[in-house]
Amino acid sequence: MRESARDLLRQYDKKFPLKHAGEIYADTTDIVRIGYGDVIELAGLHYLVLRDEIERRFGVEDVKYWVKRCRCLETNQSKILKLVFHETFPQKFGDAEILCYRSEQKEARILDMVRGDARFMQGFSAPDAAGNLVRVLDVIRGKRLDLTVEDIDADHETYFHDHLPGLLRDWAGACRAIASLHSRDEKHGDIRRDHLWIDYKSGGYTWIDFDFTFDCVESPFGLDILGLGNSLVFLAGKADLTPGVIAETFGERALDSLCPQDFSLFFRNRLVNLRTIYPYVPQSLNNVLMHFSAASEVFYESVDELLGDLMPAVEDIDRA
Amino acid sequence: MDPKKMLIAVDASENAQRAAEYAARIVGATPGFSLTLLTLERPPERDLYKDDAAHRAACQAREGEMRAAQGAIKAVLVAGGVPAGMISAHYVASCKSPQAEGADQCSLGQSIALEILDFAKAQGCGTVVVGRRGVSKAEEFLFGSVSSKIVHNAKNCTVWVIS
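Taken in sequence, the protein lines are chains A and B. Just so we're aligned, residue 13 is where the first sequence starts under my numbering, counting upward by one. Just so we're aligned, residue 373 is where the second sequence starts under my numbering, counting upward by one.
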């Protein structure tokens, strides 16, 4: 007779309240049905489901029903299991629209490609009983880059001189990690500042979530570079400098000196031309930022181009 | 590079048709000219499809569309007065497409613009004709612009950008 989840839990996890024991799922197709107390059977191991992962962004909590926080019963290790969830949707970036989609194959391929490279989340993929390619991911013990920056207790000028140069050098390492993907004809696909984590122990930067992709032939890495640019503007500003934030910090009159070209090409309410409000931002850094502004006529096509301009600008911050 | 040897970059867009119509008006049946139609396959991304069979089917469909577009462009040129004997057509499959198996030459797909220029150079074409989409800044950032990149990178040849 086939083991039940209750049998497994009794054997491997004596502390788990058996009244919550659920079902064993070898087929993970029904992602919403699988929840707390269920056990996912995959590649000869059993993963107790503890909860669905939640993404917190812009103050909103988004439950990711296809991403399960688990504990492997046999090894007692915490793991994140990403189940197959296909979604295809057009995403607007300014007046441009890109067809984005989620691909388990892409993420599995990149996991294989970056195995042992701590700049990327680690894990493996395995098909479940129905052939769904499940990704089994190590849990990162660290903190999101954006939260790390937001939690630095300093005014902008102090932050800019005392913290930013180090942050940018580390961030440049993360950019080189992305360049290493591009050199192998792969893209991250969903570069956001909350998809970059800083490891508590090593301080290393680690990218997560590679399952998004998009179809852009002539500029295959354009969306990745846009993501890096958005992150860079955030790092340099220590916040998203929206008109509301600017008015609150500098007074309403500060807005009078700004024009639409000072803001992001893609997010028209985010200030990019930081020198207008922070005059100690070196021209060299501001020039890099302005590549992502509505005023720009030339755009970075590669990570190397971006870093080629950014690294001298970091030296300029040090000298200032 | 012979300026009378013209390469027309062809895809399934209206821009390519405009480029062909313009070239036909300029060249007509003038002796000494030759027109090379070049189509570089852009297959749909493999990751968009659940399995290889679905991707192969999509690639076949895309190839059919692009070959049909190339045929239509040739018809535009002939209707515009260019003798069929002055026109040659090349279809280069993508290296990423299952259709490329066994092909002598395939397109790496990293930059359509640079591959067009490489092909023109190899064929000794002194004039490159390309249609222009007319993209916004945001679109150029995200998608790139084949015509802009051709203009920026062309050497020893003339580029006609047809808007």
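Each hint should be verified, as a subset may be incorrect.
[Stated by the list, open to error] Now the stretches of chain B that chain A is said to cover, found in silico as 3 or more residues with beta-carbon under 8 Å:
| hint | segment |
| --- | --- |
| 1 | 415 to 423 |
| 2 | 429 to 437 |
[Said to hold, decoys possible] Taking lysine-lysine and the DSSO-like style, the derived pairs with C-alpha atoms no more than 30 Å apart in a straight line are:
| hint | chain 1 | residue 1 | chain 2 | residue 2 |
| --- | --- | --- | --- | --- |
| 3 | B | Lys468 | A | Lys250 |
| 4 | A | Lys104 | A | Lys31 |
| 5 | B | Lys527 | A | Lys104 |
| 6 | B | Lys468 | B | Lys376 |
| 7 | B | Lys509 | A | Lys104 |
[Claimed, not checked] Anything over 10 Å on all C-beta distances counts as not near chain A; from chain B, calculated:
| hint | residue |
| --- | --- |
| 8 | Tyr394 |
| 9 | Ala441 |
| 10 | Ala447 |
| 11 | Gln482 |
| 12 | Val523 |
The set of hints was computed from the structure by calculation and includes no laboratory data. Every residue, glycine too, gets a C-beta built ideally from N, C-alpha and C.
Enumerated hints in conflict with the structure, sorted upward
Going through the list in order, the structure violates hints 2, 3, 4, 5, 6 and 11 and respects the others.
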